[in-house]
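Counting in numbering that gives the first Met the number 0, the sequence shown runs from 0 upward without gaps.
There may be inaccurate statements among the hints.
[Unchecked claim] Derived lysine-lysine pairs resembling DSBU-like cross-links, with alpha carbons at most 35 Å apart:
hint : residue 1 : residue 2
1    : Lys135    : Lys104
2    : Lys133    : Lys83
3    : Lys151    : Lys133
4    : Lys144    : Lys160
5    : Lys201    : Lys190
6    : Lys118    : Lys104
7    : Lys104    : Lys76
8    : Lys135    : Lys151
9    : Lys144    : Lys118
10   : Lys118    : Lys133
11   : Lys135    : Lys76
12   : Lys133    : Lys144
These are calculated hints, taken from the structure and not from any lab test.
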Amino acid sequence: MTKQTVLGRVAQLAKANINALLDQAEDPQLMLDQLIRDYTNNIAEAEGAVASTIGNLRLMEQDHQEDVEAAQEWGAKALAASRKADELRGSERTADADRFDNLAKVALGRQLRAEQEAKTTEPTIASQTVVVDKLKSGLEQMRAKLGELQSKRDELVARAKSAAAQNRMMDAVKSIDVLDPTSELHRFEDKVRREEARAMGKQELAASSLDAQFEQLDDASDDAEIEARLAALKAA
C-alpha cells in the first residue's frame, strides 16, 4: 500500500459520519457490527502500512546519520593527513609530504560525497516525517472512531433490549386486557351463586314437603275429632 493510499484510507475513515450512516441503515445494530469489523480490519491494515512507512523513515534517518558521521570521520582523516604532510614537508621530506597531501585530498573527496548524500536525503526525511505524523494522527482518530462505534453499538443494544422488554410488558398488558381475568371471576361468582340458589331451592322444596306432611297430620287429627264428637252425639 502506497503512502497516498494509506493517507486516503485514514482520512476517509477518520472523517466518516457515523450518525449519517446509522440514519441510512435499515438495521443500525447490524450496520454498527459491520462498521466495527471494517474499522478493525482497516485499522490493522493501516497500522501495518504505517509501521512500514515509519520503518523506512527510520532507515533513512540511520543512513543519514551514518553519512553525517562518515563525513566527520573523513574530515578528521583529511585533517590528520594534511598535518602529517606539513610535518614531513617541514623536514624536507617532500615526496612523503605529497603522498599525505594526496591522502588528505582523497579523504576530503570522501567527506564531500558523504555530506552530499546526507544533504540529498534531508528533504525526503523531512517530508516523510510529516507523512508519518499525519498517519499517526489519522490512526489515533480511527481508534477514537472505533471506540465511538463500539460505545454507540453498546448503547444501541442496551436501548434495543430495554425497548424489547417494554414491548413484552405492553404485550402482556394487552393480553390481560383481552383475557380480562375479572370476567373469569365474575363467571365463577355466577356459578357459585347458581349453586347457592340451587341449594336454597332444594331447601325450600324440602321445607314445603315437610309442611305438607304436617298439614296432613293436622287434617287427620281434625277428622278424628269430628268422629269422636259424632260418636258422643249418638251416645247422648
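Structure-based check of all given hints:
Restraint check: the Cα-Cα separation between Lys135 and Lys104 comes to about 45 Å, which exceeds 35 Å; the hinted pair is violated. Straight-line distance between C-alpha atoms of Lys133 and Lys83 comes to about 52 Å, which puts the hinted pair past the 35 Å bound. Restraint check: the Cα-Cα separation between Lys151 and Lys133 comes to about 26 Å, which is no more than 35 Å; the hinted pair holds. Between the alpha carbons of Lys144 and Lys160 the distance comes to roughly 24 Å, so the proposed pair stays at or under 35 Å and holds.
Restraint check: the Cα-Cα separation between Lys201 and Lys190 comes to about 16 Å, which is no more than 35 Å; the hinted pair holds. Between Lys118 and Lys104, the direct Cα distance comes to roughly 21 Å. Compliance with the 35 Å bound is thereby established for this hinted pair. For the proposed pair Lys104 and Lys76, the alpha carbon gap of about 10 Å is at most 35 Å, so the pair holds. A C-alpha spacing of about 24 Å is found between Lys135 and Lys151, which places the hinted pair at or below 35 Å, so the restraint holds.
Restraint check for Lys144 and Lys118: not satisfied, since their Cα atoms lie roughly 40 Å apart, outside the 35 Å limit. Our distance criterion of 35 Å between C-alpha atoms is met by Lys118 and Lys133, whose separation comes to about 24 Å. Between Lys135 and Lys76, the direct Cα distance comes to roughly 42 Å. Violation of the 35 Å bound is thereby established for this hinted pair. For the hint pairing Lys133 with Lys144, the CA-to-CA distance comes to about 16 Å; that is within 35 Å, so the pair holds.
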